[in-house]
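Going down the list, the protein sequences come from chains A, B and C.
With full-length UniProt numbering applied, the first sequence corresponds to residues 1 to 786, in that order.
With full-length UniProt numbering applied, the second sequence corresponds to residues 1 to 169, in that order.
With full-length UniProt numbering applied, the third sequence corresponds to residues 1 to 274, in that order.
Calculated directly from the structure, the hints in this document are not laboratory data.
Be aware that a few hints might be false.
Stated by the list, open to error - Quick look at which bits of chain B chain A covers, simulated, 3 or more residues with Cβ under 8 Å:
#, stretch
1, 5-11
2, 48-60
3, 111-122
Stated by the list, open to error - A partial selection of chain A residues facing chain B, derived with a Cβ cut-off under 7 Å:
#, residue
4, 192
5, 472
6, 499
7, 556
Built from N, CA and C at the ideal position, the CB exists for glycine as well.
One letter stands for each residue in the lines below.
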Amino acid sequence: MSADADTQGWVGVRLLRKEDRRHLLGASTFTADVRVPGLLEVAFVRSQFAHGRLGAVAKPDGARVFSAEDFPHLKPIDGGPELPSFRAAPYHAFARDKVHFVGQIVAACLAPTRAQAEDLADQVGVEVDALPAVVDTVEALAPGAAILHDGFPDNAFIHATVTEGDIAAVAAAAPVALRRTFRMNRQATVSLEGRGVLAYWDHRLDELVVTLSTQGAHVMRIGLAMALGLPEHKLHLIAPDVGGGFGGKNRLMPEEVAVCALALKTGRPVRWIEDRREHLMASVHCREHHYDITLYATREGRLLGLKGEVHIDAGAYSLWPSGPFMEASMAARNLPGPYQMQALHVETHTVATSKAPMGPYRGVARPGACFAIERAVDELAHAIGMEPAEVRRINLVGPHQMPYRTIGGMQLDSGDYPQALERVREMVDLAALRRRQQAGEDDGRRIGVGFAVYTEQSGHGAAEWTKRKSRIVPGYESATARMLPDGTLLLLVGIQNHGQGLETSLAQIAAQELSLDPHAISVRYGDTALTPFGFGTFASRSIVFSGGAVARATRALADKARRIGAHLLQADVADTRLADGAVHGPNGKVSLAEIARAANVRQEFLPAGMPPLLDETATYEPEESGGFFSYGAHAAVVAVDPETGVTTTLDYAIAEDCGTMINPMIVDGQIIGGVAQGIGTALYEEIPYDADGQPLATTFGDYMVPCAPELPALRIHHLVTPAHGTEYGVKGMGEGGAIAPPAAIANAVSDALRDFGARIWETPLTPRRVSDAVAAACGDRSEDAV
Amino acid sequence: MTAITLTLNGDRVREEVEPRDILADLLRDRLRLTGTHLGCEHGACGACTVTLDGLPVRSCIVLAVMCDGRTVETIEGTRADATMDVIRRHFHEQHALQCGFCTPGMLIAARDIIARHTRPDEATVRRELSGQVCRCTGYMGIVAAIRAAAAELHPAPGADLRTPDLSTS
Amino acid sequence: MKPAAVDYVRPADLAAACSLLAEAGDAAMPVSGGQSLIPMMSLRLTGFETLVDISRIAALKRTETDATHVVIGAATTHAAIEDGAIPDPSHGLMARIAGRIAYRAVRNLGTIGGSVALADPAADWPCCLLALGADILLAGPDGARTLPADGFFLGPYETARAPAEIITGFRIPRLAEGARWGTSKVARKSGAFSDSLAVAILLPDGGGRIALTGTSSHPRLLPAAGAALAARDSAALRATVKAELAALGEDADPYRARCHLATVTRAAEEAWSA
């Protein structure tokens, strides 16, 4: 796999993935692949109304159909920050009294097959006294708007202000003030495997076994125990292979509670496998930000401050554990981006609407914030007659200023941001593109180039999560390293690999510390009965936290192995070293296999008084828990047909820095996959709602997921600034790819259509939106567009 | 219920099906061939792609009853297929999978693309992959793997013939 | 997302299929490739009680050729047309159209007859067959009849086919030697139904036909635009198309109208440059 590993170790090696084989053989095990005898399948009856009072639920006689009345003791599962100003609306697994979005669960039907369960669902009658839907994010707060939740004074879960510096003084003195609105529309997370739950009571173990597709089984157990009223030791959660998550499998959802409750009530194994319509209608929704911002600057393009208002459309409920407020605070704090400015004042509104509840999606809030600030920077550049890349360059935080606290309160730790911008400028050859634009295209299309610079907070621990008032504080990870009697290694970790290659990357770290071949290492996760407690995989945290915990646990194990080895070699520990799977002393070496044999089954060879076993558990949190910032610059080159609005991405360049790369192949895979999703946000993916609150994209016929023809080949340049204060200098990087593309693409489209003055302000930039924007700008001259 | 017979991964299989039974559900739930994944159930994502009489089809929009007498091959049936082993190895080497959910359908599509186009260029591979959704990789590794496998399986005249390594680890 | 219970019959031949459909009326639905029908069944958007499987009826798979026409069976798959596996009356136009319908795995089962019978207002084949001047061959309890494509499409999902009739094939005139074609499509992504699709055919005698789909109702021929094709003047053609769209009421959605203008112009330009 790598000839380098013998001399340089395993960190930094393009090791092919350990997890590939089972998938390539079609032998992996996803939740829907697990079957137990006597299984009943669930079909949910869901609200067809966006808002209404729930009346009687008429159930067919003798059928296994259940609704709220059957589960009076289930606890609601709403979450949110621990802030008194945050308004909670109870979220019951089965709707009680009212329904608040199309797709909300009203009843569950059980039958031996899903088709039969759906037959039952077709026979259930649901009385709903319809109330007005609350659909538009901004108008939801207007006086006179229908109120969604009883007892709320307005449709906000919370209003909050992020302010720093003297915005009034900046506004009064600024030579240029540029006000713009931007909107990033609603999406679903669209893991290719939907969610799914299978639950049954295991009488031997006297516990409820719950197999589910989740990003964090340990945390979900806390939530399920709370909702079901079960003690945690009676809940055994297993996340097998998980087919993508992207944030959408990191919230406690009503289906999970319902399936467990149904298994307890019926005494039968019960499962629900989400179908795509359910996923698009009622799984975690995301994005949907509205920005009204004013950028203050000098005529020379220096940014001075930013004032604005952000509306986050949170949907009907606040999902456990964190709720939607993080979205608003992160959007506001990331609005200044990587730029220097003197003042920031942002009013945020986290708005309740009659839509599916919002949750995290790759990038969380930052794609919207990046879109808003980077589009505004381009608008500013245009207004003052500067090259947009140049405005960025003069405002970026420089390498000599690190660490640098942005006006949004983000502590940027290290790196060379202007260098990243310069790299992508070279990669797309900006000067040549400007010449090409002047020459024009033979086919009538317009070429445009757009830039965006982003930061990606990663590996943030207790300090950051307590600042966000999170009721779960994912401030550490844990790992158990267990060497078996033959010297092979079992790593038990609390994160949840779901495509990120963590079986491979974590094995590389253990291999590095123990000088073992990664093939001698098994990585296990996703089973609350097997692994030490951990928070799961999200927020670009696993390589920092779990990688750190693995490094610590294996290092402790290596220390003990060396002590045993020194004893066996009759050498001083200080004279030994671990290399090539053996402890080497002045007079010879002893293999880890021999050491492991002694530690496990031949204790007579251990030093006097040394406890047996090579079994170490460690936790890890970096000392600085405000996070480590990966960053990068993206440049997109597009061709736009001004008449039809069809946009084609011609070139896409990325220069990024995520510190030390454990496995550069996996890092590139994360970047490319992230950018693909970002381009989805930019150009394709959207769940619009009509005025009655009906979702209009509930199949892949209407929800456009980009396929291979829609995406360009990307070019990636790595800058590597090892982080200070993480193991090996790593930074998290799983989300970064998805943050900048909406901004870069929208800037490129806007650049392409600059001659027309088309206003590009809203994602996704569908052909219809772009074509309409050109037509609106041209008015009667629309024929000129061709 | 209607009795049907299939030649499934080389074996004769007789099953009683309801007319409404979807081929993918028969394969997965009754015959325990869970390598065929369901990602959309309306023919738009490609995760469930199998071959029917040798042609790739979406098993989520095929009725089992309509397959009576026909030949079906799922990903499990390709484990002894030397061509597929070459494709698998390139998928592994090119990091053409992350979560793995799309992979079985992607492999079946890949083999068909190589069979029809011999040595496809990048644009052809991308066009042919339309409708095979991968949410993780951004397709670059998949496109590279298909092209590399095609080059190995259909070497240009005079090129070295590599012996396929059948292992996939 | 699983279909509701349904009955299933597999008649041995066309006559049996037609009589089954005649007896059952709306309660029966013929299925061949099923690539549109089965997803609708899974979404429980259909109301019939019996599926009549016509996919194995040999009469629907025949091809016949003579000096002036090619007859292709209704059960011919998109992929077979894409691959040139059947005789081509169209100098490659039909292969090009076929290759852009949905996705390859769908094209392997989906049939031209099914596409025409469904008559989705955004579908590709109705537009192409209109442009080619094809006839639609039908069999019913009262025997066979032939209808021109022009006039067959009455509205969204609505055709002149009687409920008990089965489309058996298409009789397509061979494009004259020297005829040129072009086609252009606007869709939100590859494989998606089109917002607009135009097919232009320029005949060596100076005649021309332009067909358009993605309209508010059903695919249409644009006779004035077709007549303007020979002049090889983009600006004049655009003016003609604009007027024609307005006359047809197809300019109500300005975006769609812009797409139609663009696809017609590009289809024409491709035909001119061919």
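Hints versus structure:
no.	hint	result
1	5-11	violated (count 0)
2	48-60	violated (count 0)
3	111-122	violated (count 1)
4	192	holds, 4 Å
5	472	violated, 24 Å
6	499	holds, 3 Å
7	556	violated, 30 Å
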